[in-house]
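Q: Please construct the entire structure, taking both the sequences and the accompanying hints into account.
Chains as they are written, first to last, in our numbering: chain A, 49 to 723; chain B, 49 to 723.
If you are wondering where the hints come from, they were derived from the structure by calculation, not from laboratory data.
Keep in mind that the hints are not guaranteed to be accurate.
If chains are identical, the list can't say which one is meant, so a pair holds when it fits in one copy or spans any two.
Result set (DSS-like, lysine-lysine): computed pairs, CA atoms no more than 30 Å apart in a straight line [unchecked claim]:
hint, residue 1, residue 2
1, LYS709, LYS577
2, LYS307, LYS458
3, LYS507, LYS604
4, LYS83, LYS596
5, LYS118, LYS709
There are 2 protein chains.
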Amino acid sequence: MDAGKSEGRSAVELAAALFSPRAVALVGASGDAAKNTARPQRYLSKFGFAGRILPVNATRATLFGLRAFKSLNDIEEHIDHAFVMVGDVEGAIEDCGRKGVPVATIFADGFADAGAEGMARQRKLAARARALGVRLLGPNSMGMINLSGRCPITVNAVLEMDAPAAGVTSIVSQSGTMLGTMLSRGTARGLGFSKLVSVGNESDLGVGEIVEMLAADAETQIVLLFLETVRDAAALARGARAAHAAGKPLIAYKLGRSKLGERLARSHTGALSGEDAALDAFFRDCGIARVDMLETLVEIGPLLAGRSPPDLGLFPGRAPRVGVVTTTGGGAASVVDRLGMHGIETASPDPRAPILDLTMGKRAATYGAVVEELLAYPDCDAVLAVVGSSAQFHPQHAVEPIIRAKRSPKPLAVFMTPQADRSLALLAEAGIAAFRTPEACADALHAYFSWRTPRAQPKADPPRWPADVPAAGKLNEHEAMRLFAALGVPVVESAVVRAPRYAHSIAYPVALKILSSGVAHKSEVGGVKLGIPDEKDYARSAAELSKKCETLLVQKMEPALGEAIVGYRDDPVVGPLVLVGAGGILAELYNDVVLRLAPVDEAGAAEMVAQVRGFAALRGYRGLPQGDLSALARAVAAMSRLALLEGRPVREAEANPVIVKPAGAVAVDALVVLK
Amino acid sequence: MDAGKSEGRSAVELAAALFSPRAVALVGASGDAAKNTARPQRYLSKFGFAGRILPVNATRATLFGLRAFKSLNDIEEHIDHAFVMVGDVEGAIEDCGRKGVPVATIFADGFADAGAEGMARQRKLAARARALGVRLLGPNSMGMINLSGRCPITVNAVLEMDAPAAGVTSIVSQSGTMLGTMLSRGTARGLGFSKLVSVGNESDLGVGEIVEMLAADAETQIVLLFLETVRDAAALARGARAAHAAGKPLIAYKLGRSKLGERLARSHTGALSGEDAALDAFFRDCGIARVDMLETLVEIGPLLAGRSPPDLGLFPGRAPRVGVVTTTGGGAASVVDRLGMHGIETASPDPRAPILDLTMGKRAATYGAVVEELLAYPDCDAVLAVVGSSAQFHPQHAVEPIIRAKRSPKPLAVFMTPQADRSLALLAEAGIAAFRTPEACADALHAYFSWRTPRAQPKADPPRWPADVPAAGKLNEHEAMRLFAALGVPVVESAVVRAPRYAHSIAYPVALKILSSGVAHKSEVGGVKLGIPDEKDYARSAAELSKKCETLLVQKMEPALGEAIVGYRDDPVVGPLVLVGAGGILAELYNDVVLRLAPVDEAGAAEMVAQVRGFAALRGYRGLPQGDLSALARAVAAMSRLALLEGRPVREAEANPVIVKPAGAVAVDALVVLK
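A: Here it is as structure tokens:
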């Protein structure tokens, strides 16, 4: 087969070869049952794989009763999927190319996961496979498990368990062992799964493309992601939009939330893990719901299945509200307390009781009637049902009123306070979201309320690069200001002044700064004079600063009610980001910064501004005068248009501070770093 | 028996009657097996209670094969413990008094849990019981379960389970149903328990006194608390110190962390739940370890058992460090990422690997050898062992290297990534802390590192109330300043000035304020003039302010590097608290405030100051000039001495701001509210 011949292979054909091959070659299959390379053959047989299993082993003629082949080349029939478990990965891929195998899954590690040398090896391998027309899963992949199709192509020991149930949930994981963890835990809970994919190093087939395939997969209704990093944000965004379009919730658990975790993920995957806040903005924009706890990922599926993102927004509307019914006050409180920490509130049709507690006959109504009442109650957005000890000893009796309650489109979450495996399984079978811990239950409701429809790219004319600003090299502050102005960011009145007279026509008081593209922190080198009251002082200041730099920038002093930082960054992982934060050192000290993918429109920017805690002082807090936060939002939206510039030449831009006034907001400092 | 006769009953006798009675009366025992009031008799029989069971039932002569009595008065023998399950609680307690029953547990609710009327009923009941010499558990108690002594006196349906294992952990819970939850979950995990006490409304026997009894209980080695509130902080502090002295870790999970949860706890218990930050300071000071997640409470015991608080402190020392061994990179990362969010770091004897990953033969050493290596490795403070799929399919093989590893005094936590019930139980049997979720595992390690030895009350001479400050009524700012000065808080130079001349001898610039004990927020009524440069301006300002108030306070203007708030509060729940926070509105906006029980010494105050994030600007952040944070700490310690004043006359005090200078710190505003 010619190199590149498969380029035109359809997504449907690719998915079929990956998930549901008719013939699977197991390259490097072992005849020693104790070895993990013997597992794939055993699992395929155990799960009743209906296709052909073709073991490739250099020394044996048969393997566990099947004919074995010396090499791929000895196999005459067509192979859809090769599982490569040998060290000579390169040789095996050459064979795959020759045989026209469309998909090869590579188990070996020692590629991007193993330093610069391994990374180079991986690049070469991926390029060669592309040339040969072989799509790769891995390297460093534990394989793919198609439970609904009875096709496990994996070394994952999790399949030692009794055959796990098939279901509508698929999982894509960057950790092969954690795929096993989720299958093991989910199965114990009565949850079923469809496809489970260990993507390994993602040298070719990555999380995004696989999500796209699952969006098109008739057997998949929910997709879960276990992520250590995001290697191809654009592909994941495409996958996420496809999943949304297909009405399939996509839910992610991502490591690297702490700096320590981020370092570990980098050392473990060989990939940039990306700043967590940037990824959070990315997930939100793509319509990916994000959970904080591992068990939530396993449990949340039924809560979101068949639902659309609520798109409530905590601002400018009200907080989300949950109606609560319980047979244990303490058990309900353990969830509600945590909901409160997420800014979620309770709502109850009984004004005397924030939660409806049926403990020991406190209320006459039956449990089922109260569940129905809350599901129909218009003032709550979701329902939480908490069940005490009956869940342990009378599972059928405990879950029946919940299962039989007349459903509404409102999400229903159940928390079982005792050890109640059977009750949890019964609810799982009925497709009702049930949680083992109060924390995961609250985390899931929070993830649901934070879940958003993928944001449409705002249609906007791309801004033009100003003719008088150089398009390469470093920009000085005056040039950066002109660029900001061209985007629509209001900038302070300013003028470049030179020796000997430093003449200008700006009204006093003014500020004076050295104008040098080489100095990022002018204040720290004494290159800034603020509040110059008159001409005399101005002449003195100019003389002083001119010793540091010949060209100076004079600016009108703007009286401030408050200060903000407005920034832009073309992130190597998720692409263009816009940020707004409290001014001064608050943004950094209190991490009081809100990030979104750029560009944002004015409404999006206003939502960002509303989330900056430090702006409370500008919202009329404690009788303080109000600042024009709408103007600030417009400046944020304008700054975000840097993402629309052709070729995206800007790596980083910052207006710090932007002065917020009673009417208007104006950037008084500008920094732009080109790529 | 005369009223009050039992006052002298020893703690040992009381504990025997509560936990290990020889004769138990079940007042209101039902003959209908379906009723929960029939449960206690059934459970006592089922668990093999060796003492006498004495059912009291108005209409039946026998109950499930035992002789029943019409009333307590009909019983001739001595009764150690009466479980009162009738509505006429008052009548039953009279009977107990007459019979000389030392302990009565009351199941009925409708007391403090049911509004003002119920609260009055409870007060009356408790007073009468005290007069009669009957100690009360409850009302609203589900009873007491002594597993090691085979004596369950409870209506808790959790005992429908097969006999749970006895062990060394006891639990005290304000929620009866959650006691069942913990027993149910712990038992499923192979954990054993000794005494489980549902304290209900704590009208008499409360959490603190019961902890004190458990500290003296030979069968108890660990005490767990499920709290919705703290009703008697002094008693709990005594119990906690007793537990510490006995070498028994005391660990709390407390609801009401969010405002929503706080409101719910109040409505549920009828008690002030207290501000969570204040309770957090209280737990820390008493040596109570606090966990954030419910499951951590069940699982953490073995991690702390037999250990003392580490007293590391995150400042001024280094961060705590955990050594990690794993057979799954992703599994270890899920814990480590979370440790990082708590400021905990990893330490590894291999400089190339932050965690020791044995996945698929990545390291030659055996699992057990690496566990031992880390337990012996001096640069880590605790060891985390993560086990992948082998924990599910080969539990014995998976846990053996951990169980057999030569132990060191260092704590060892194990996280099992798959569903691995058997492995968890094997570790529990071996007394090794094993966790089902990465979050609970990280939470437990964090709780361990945050655990502190109960703080000794610093020995300090009580301050004297200054003779020229009124000891009652409201203090004006000048009087408040004099009180602060008497405590040792440096205060700004100031003088009271009056019409017509408002003469003073303070150097300009000065500040001028109205001096009125009736106005708390002087600035908001225009009662403050700052930065008055000279005499002329002073005269003008004095004339203006004198329209609002005749008497004025003039103060030296203190140039500020930064501002702080230093406060004191006699909290109704935990008693005297001292606080320090970032100045201006930061303390409130970012909740950047640190609380401790008062008094604190200078070292304790320095630790508090070190935890205020906003002071970064005063610690030389980004080249900013450094402020005298030691002087601020001394001011905090001085303010905290308000707690030592005889009779504790001060309800609340605040110096806001305290100006932090390059050398020294000085209070420029003072507010004192007396009780």
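Q: Does each hint fit the structure? Answer for all of them.
A: Right, here's what the structure says about each hint:
1. LYS709 <-> LYS577: both (21 Å within a copy, 24 Å between copies)
2. LYS307 <-> LYS458: Between copies only: 25 Å across, 37 Å inside.
3. LYS507 <-> LYS604: neither (35 Å within a copy, 59 Å between copies)
4. LYS83 <-> LYS596: neither (71 Å within a copy, 90 Å between copies)
5. LYS118 <-> LYS709: Intra 78 Å, inter 82 Å, cutoff 30 Å: neither.
Figure legend: structure checked against the earlier numbered hints; hints not met, in rising order: 3, 4 and 5.
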